[in-house]
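Trainee: Work out the full structure: start from the sequences and follow the hints.
With my numbering as the guide, the letters of the sequence shown map in order to residues 5 to 202.
These are computed hints drawn from the structure, not numbers from a lab.
What you were told as hints is all true, and nothing was included just to trick you.
If you anchor each label on the Cβ, the simulated ranges turn out as follows:
| no. | residue 1 | residue 2 | range |
| --- | --- | --- | --- |
| 1 | 61 | 87 | 20 to 26 angstroms |
| 2 | 179 | 66 | 36 to 42 angstroms |
| 3 | 91 | 52 | 20 to 26 angstroms |
Cβ atoms here follow ideal geometry from the backbone N, Cα and C, with glycine treated the same way.
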Amino acid sequence: MQAARGTPVDRGDGPDETRSSLLAAPRTWLLFAGVGLSLLAIDQVAKVLAVRHLTDRPDVELVGEVLQLHLTYNPGAAFSLGTRFTVALAVLASVATVVVLWLSRRVRSRWWAVALGLMFAGITGNLADRLFRDPGPLRGHVVDFLMLPNWPVFNIADMCINVGVAMILVQVLRGIALDGSKVDAEKAEPGDSVEDDA
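Mentor: Rendered as structure tokens:
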């Protein structure tokens, strides 16, 4: 639904919200934080359990041969790319985490909040492995344990990143900004905004 020209759309964060505060919309930021921290915790617990129960064990079938548990350690990025650049990947992940946190301050759209929460969980989940697992800080190998046929072994953090990226691409293609306003250089005029979370 399009709001009146020049009037910001109410995101449900209350009439007392001001753009000058640290967070554009505290309730929406709490959604981001809830999604990010919850999925980060799930990822880390799943990795601990995978290492504890799958080390030196044969593959475990969850859904026949379609989905199996197979423990492996990945020094590189997704699909085992860049295995000789573990330190650089850890630094890039650290920068990406800061960028996501910075962007989250401006979020007023629930869709964007969930997308960035997924990105935060995925990036920091794998970053934690690089910082704290063997063979050492910034060189740690990422724990992967989910295996599909003809697909690289992955983990929950990888899933979060992929879903988060897909959600962000949807918003970009729709022309929806972080604050939920419509970005269309040809049709929209300054002050026009839409509610994308109805």
